[in-house]
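Residue numbers (this note's numbering), protein chains in the order written: chain A, 18 to 290; chain B, 18 to 290; chain C, 18 to 290; chain D, 18 to 290; chain E, 18 to 290; chain F, 18 to 290.
Do not take every clue at face value.
Copies of one chain are not kept apart here, so a pair can be met inside one copy or by any two copies together.
Unchecked claim - Derived lysine-lysine pairs resembling BS3-like cross-links, with alpha carbons at most 30 Å apart:
id	residue 1	residue 2
1	K72	K237
2	K237	K193
3	K175	K193
4	K53	K289
5	K135	K200
6	K55	K216
7	K193	K130
8	K90	K240
9	K288	K200
10	K240	K55
11	K53	K216
12	K216	K99
I should point out that these hints are in silico values taken from the structure, not numbers from a laboratory.
Number of protein chains: 6
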Amino acid sequence: MPDNIPRFLAEDIGLGDITTEAVIGNEKAMGVIVAKSKCVVSGLVEADHLFEHMKLDAEMLVENGQWVEPGTKVMTVRGPAKAILTSERLALNFLMLMSGIATATRELVDLAKAVNPKVRVAGTRKTTPGFRHYEKRAIMTGGGDPHRFRLDDQILIKDNHLKIVGSITEAVRRAKRYSFSKKIEIEAETPEQAVEAAKAGADVILLDNMSPEMAAEAAKAVKEINTGIIIEVSGGIRPDTIVLYAPYADVISVGYLTHSAPAADFSMDIKKM
Amino acid sequence: MPDNIPRFLAEDIGLGDITTEAVIGNEKAMGVIVAKSKCVVSGLVEADHLFEHMKLDAEMLVENGQWVEPGTKVMTVRGPAKAILTSERLALNFLMLMSGIATATRELVDLAKAVNPKVRVAGTRKTTPGFRHYEKRAIMTGGGDPHRFRLDDQILIKDNHLKIVGSITEAVRRAKRYSFSKKIEIEAETPEQAVEAAKAGADVILLDNMSPEMAAEAAKAVKEINTGIIIEVSGGIRPDTIVLYAPYADVISVGYLTHSAPAADFSMDIKKM
Amino acid sequence: MPDNIPRFLAEDIGLGDITTEAVIGNEKAMGVIVAKSKCVVSGLVEADHLFEHMKLDAEMLVENGQWVEPGTKVMTVRGPAKAILTSERLALNFLMLMSGIATATRELVDLAKAVNPKVRVAGTRKTTPGFRHYEKRAIMTGGGDPHRFRLDDQILIKDNHLKIVGSITEAVRRAKRYSFSKKIEIEAETPEQAVEAAKAGADVILLDNMSPEMAAEAAKAVKEINTGIIIEVSGGIRPDTIVLYAPYADVISVGYLTHSAPAADFSMDIKKM
Amino acid sequence: MPDNIPRFLAEDIGLGDITTEAVIGNEKAMGVIVAKSKCVVSGLVEADHLFEHMKLDAEMLVENGQWVEPGTKVMTVRGPAKAILTSERLALNFLMLMSGIATATRELVDLAKAVNPKVRVAGTRKTTPGFRHYEKRAIMTGGGDPHRFRLDDQILIKDNHLKIVGSITEAVRRAKRYSFSKKIEIEAETPEQAVEAAKAGADVILLDNMSPEMAAEAAKAVKEINTGIIIEVSGGIRPDTIVLYAPYADVISVGYLTHSAPAADFSMDIKKM
Amino acid sequence: MPDNIPRFLAEDIGLGDITTEAVIGNEKAMGVIVAKSKCVVSGLVEADHLFEHMKLDAEMLVENGQWVEPGTKVMTVRGPAKAILTSERLALNFLMLMSGIATATRELVDLAKAVNPKVRVAGTRKTTPGFRHYEKRAIMTGGGDPHRFRLDDQILIKDNHLKIVGSITEAVRRAKRYSFSKKIEIEAETPEQAVEAAKAGADVILLDNMSPEMAAEAAKAVKEINTGIIIEVSGGIRPDTIVLYAPYADVISVGYLTHSAPAADFSMDIKKM
Amino acid sequence: MPDNIPRFLAEDIGLGDITTEAVIGNEKAMGVIVAKSKCVVSGLVEADHLFEHMKLDAEMLVENGQWVEPGTKVMTVRGPAKAILTSERLALNFLMLMSGIATATRELVDLAKAVNPKVRVAGTRKTTPGFRHYEKRAIMTGGGDPHRFRLDDQILIKDNHLKIVGSITEAVRRAKRYSFSKKIEIEAETPEQAVEAAKAGADVILLDNMSPEMAAEAAKAVKEINTGIIIEVSGGIRPDTIVLYAPYADVISVGYLTHSAPAADFSMDIKKM
């Protein structure tokens, strides 16, 4: 992957951090990044990479994926005060957004796995343009499955494709002509569609926006045809409903993780050295 | 600004939309984008620009900044089914994220202006790396003030700068050496600091994390020194507290708008033409 | 995918096509691209895209994937002589290289399918840096399977991975922790390894550098464990040996297609209009 | 020249080497690159540069341009197993393609120089889009002359230019108006054209697709006009015909070197350290 | 800011410094950069950054902003002769152009400050496309104010805007709707316009192309309305006229600094080490 | 060549032309670009290309390379007022800088050709980083020869190379090993060096910083050896000295053209349509 740090810095700095240029000299400083809300930490690697790019000495005090309480020091950074001040906001933005996602993921994973230890909680492509890689990483830090990073990862035939093709069986037939190296997934809105997809040879079947009962029925019917087929459930999943789908789903995908999880809170305290 | 559409598409598509390539032919189609939650719409221009990039014919059915009810059709797009399917997710991601921000902004603006019609609600730099431009646009669509897009927009001396410089007066003195074309803002954590900043010649004073009462006292003291100085209030502002700061603030800046506002919900329905 | 045409043109042109600038005026011209060797044509779309970029009017006279005899006119292009002359070489380079690959692919596909109509001939990652997309497209034009475009397409555990991990079973166990959306393939050098991979739950098994007899034995053993597992054969496959592997292979992958297939021959004849 | 390594890696890796991520830990390893076919080695500098980019310790065991027998170890690389595995294929692709070209070049150079020690064997612009620089380097490693890297290197008026301009004399007259710093070369298809070009003041004359006898006659006629004019011969040159042109040519340019030379064979053996 | 050094080097080098490649070996050398005209030195940081990029050891012998006499050694650089020779021209181009601007700026600053120690001499946007950052830096080295780096730095309503809007008062009213974080400046061509702008609430008023007397009158009228308004003067300012505007201007902006200041003269002497 | 317009616009605009956004609506306008100083116009093509990029309708009223008097309208542009205002400065910057160079070039060309109609006036590599292409174009518009655009255009062995190599004869011998497609030029500081270069086989000899008399002697000696060798003269050439070198020089190269020629003056008048 290309290094996005220079571009992200450029977005925040523009032509120059004029405040720091105007008021700060050659002082050395130390910054301490502190969690201000309880969260699963994610983004430490990105912050560390940023500080390395700025030629600062950073040290992680906790590990990505760890729960921390408010007040926990998660990272220190030492070097020229100018460089610390100029990169502070980007470091905090990585941490607050990625930890927010990791925390929401971990909460759903824990809820779902309490019901079915084999179930996976996955993300979706409902991500922020340009920031998907980091959002998927945060899901993985939280214990989730990234699902497709891009449209070229896997064949996933959704309702809008089916409206054009007309038939699940025909859609799967066409998909099979494509490379053997990719899995084929079909979105089904009814148990009948799920069964048709299973018979056509889908590797994964996505039960979309079904009630927990209907989804259970569809999953059962599919597994009777081929136990190797993976059942994915999606559609407005929230903490209170995930436990209803977890018993029979292999994968539960949740758009909320990346489009609506609130950020965790972090701040940096700087002092002269 | 460089055109980010190709890069955002590349992030979502990778080497190719293999599903669409595998199962869709030369069919023409129409897609209708429908709001599924009540929201202030933002992102129409970006979706339109994307569709234009894909050589599709798009039509906006509502205006950016308008409140819409669930079920409202906001946009149609016509052309090759392949191109519509390949760009669907990016278009929806613009709409859902930007409308989420615009909606949260509008709600705070309405609350604050009911108390003080002259107050501005502003964003912060707590944005998603690489997506700030769109987040700031969404704030503007919601009726907010974008505040600094970048560090080069304005001089804003924060607590961490002051810990290095040591004195507000000295920091302002240094800042004044920089170009006459930029405003100088100082973050104050106490009314005494606010007064010192005012006397030193700051154009804007940011009252950070003060209680409503303390902020009121600081604002009063500053205006007594120079009525032209702009008072900005910030720090964990939420709907229930914004009305307490609104009476005397010129600007209230809110990180929540860009780091934690939940997405609005949109979907696209496609049919063959 | 980003548009490579500007970069490819820049590589060929540098600062300017000084010959054309120096000796050609505003004349209009027509160029005819003619095949000079028998081949399966590939690269027409790329040449067409290039001419469109140059604002020239191009017309394809044959279809990608079609066998043509020497002397066949495959494309015409009309417009300013300068633009035709400046883009001539890049258009021909696309055609000659991609048609060379498509032709070699078609020859192997025909040989293999005569023995086993269900077998697929696939490419490898032994491609020219920066030109893989086009080489994979040419394989597809020739009737082959592109196989992995990139390392992120599929999990493929090769001998060098196994030397680090130590055990096929352990390697598959680790791979299964990764996303459900990806297939898992294992390279096996003996029938015993193939059996171990099959038992561990691999989706695809690559029989590498085995003799036709040994590969046949391995394939049989694997299918006895799970008929759904895909058998891929690789390792120095040439026209005379492909028929020996074809009877029992699902996929035969051939590095030769992209690293050593000779180019087809094309030229352009230009005349003033 | 911009560093292409990050782009080439991105092409091969995409978002991530998911196999290595999934199955390899923090092990250290050593990789040994071994030639598996007899060849003139080229691409060592590029492989070394790649390994340096990956922060690996590489050591070249032979020199670029050296003949090696099958089984010769040409390079070792030490460091984290992950980084070695992720960069293995790109390193091998550089070596196999560039050594293939260097080997073909050396063979022609040796044949031609046995007849005329002063003759140069040169490449053409019939190269792979995006990879020309490396192909030209490989020709130089093989003892050849790169010829034009780009259209801005030299003025070379070809048959298609002449069809527009109408006259060699007029074409040269126009070319002379361009900068004094560039050589002017004309393609001639008959001895008469060669003579016209010589009289018009060309610095180099390209005898294209002439029989050896006709080319000899043209060369003689040109040298009688001005011994300083360089004679280049081109058009379907192969090992068996190069010796027929070598006696009187100053330069023999061969498209085969870059569009059809078969790759040399290399592999990497990795072991844990 | 992105690092422009690689792009600037690429512009000068193209595919390779063929002279140095052809004639220089592995010799080590030292280069000494010498001023050949009296000037205020600027560009040392850029030259140093370039040499660092080339992995050369550079040492600055004077400071940016210092007056030097012809013959003064300003910098030394040590390392491989090839790298020094390849980067020589770009280093000198930075120095000669930036020192030319710094020198012209210092001369005007000294003239203007002799009359009014508080006045600032500023640049304009009349800069070389792609090189503005360096030209603004040179102005700052010379003691000037950079003024707007870009159109997003500040709102500056010029005559052409007013011809569309129709009224200064209306233009300011519209500008005030934009972010509080930006200053608003109005161009006035008469004292009456200046007064209207002052009353409308402009932060800065640009008196454009007025005679010294008219500008004095306008400045006086503005300051009577609000002493905090900044008065900028512009329009064909040269050394002989700057002293006439300096007494009452806060800022004098001069396009000449960046579009017509003659370069300073520098050369490099290299010797083998 | 890559299209620099987007980058140049980005440099000037940054995130947005906030003045125009804030005060201008959907008005249509016409802008007229007027020369305000006597000059040879250059930059019209670039301004036109910029306006096309902005989707404006532009019309050139004069031709590149034409002398114009102050007050001459050179171009009109029609379309949305916003787009005209946002691109105004960049269009004028192209025109003022390129016309300044073209004017200075034409003046020297006229002086030199009055003495020797065959002499060429050429530029150097003393150009603005990132803007060389345009500066070279302006020289060509003014009737000059661009000389080397980049280090890869031609082999030019300068004094600093000779200090490393030690001998002109040896330097030329090494240069001849490089591609036959490039000319070889040597810088000589004495007639003896010029003679040595001529005997060694240089294509061009650069007489650097010689007095007119010494240069005349060197030129004569060189031509006696080989009349085909091109004589270039350089070193502090100005209008009053060019006529002294013109009688015997083939090329006179002048750094002044690109590093110190004053800009021509242009402005744009806009009115609502």
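Verification of the hints:
| no. | hint | result |
| --- | --- | --- |
| 1 | K72 - K237 | neither (56 Å within a copy, 44 Å between copies) |
| 2 | K237 - K193 | both (24 Å within a copy, 23 Å between copies) |
| 3 | K175 - K193 | both (16 Å within a copy, 25 Å between copies) |
| 4 | K53 - K289 | within (22 Å within a copy, 43 Å between copies) |
| 5 | K135 - K200 | both (20 Å within a copy, 18 Å between copies) |
| 6 | K55 - K216 | neither (47 Å within a copy, 40 Å between copies) |
| 7 | K193 - K130 | between (33 Å within a copy, 17 Å between copies) |
| 8 | K90 - K240 | neither (48 Å within a copy, 38 Å between copies) |
| 9 | K288 - K200 | between (53 Å within a copy, 26 Å between copies) |
| 10 | K240 - K55 | neither (40 Å within a copy, 39 Å between copies) |
| 11 | K53 - K216 | neither (52 Å within a copy, 33 Å between copies) |
| 12 | K216 - K99 | between (63 Å within a copy, 26 Å between copies) |
Consistency with the previously given hints fails for numbers 1, 6, 8, 10, 11, ordered from lowest to highest.
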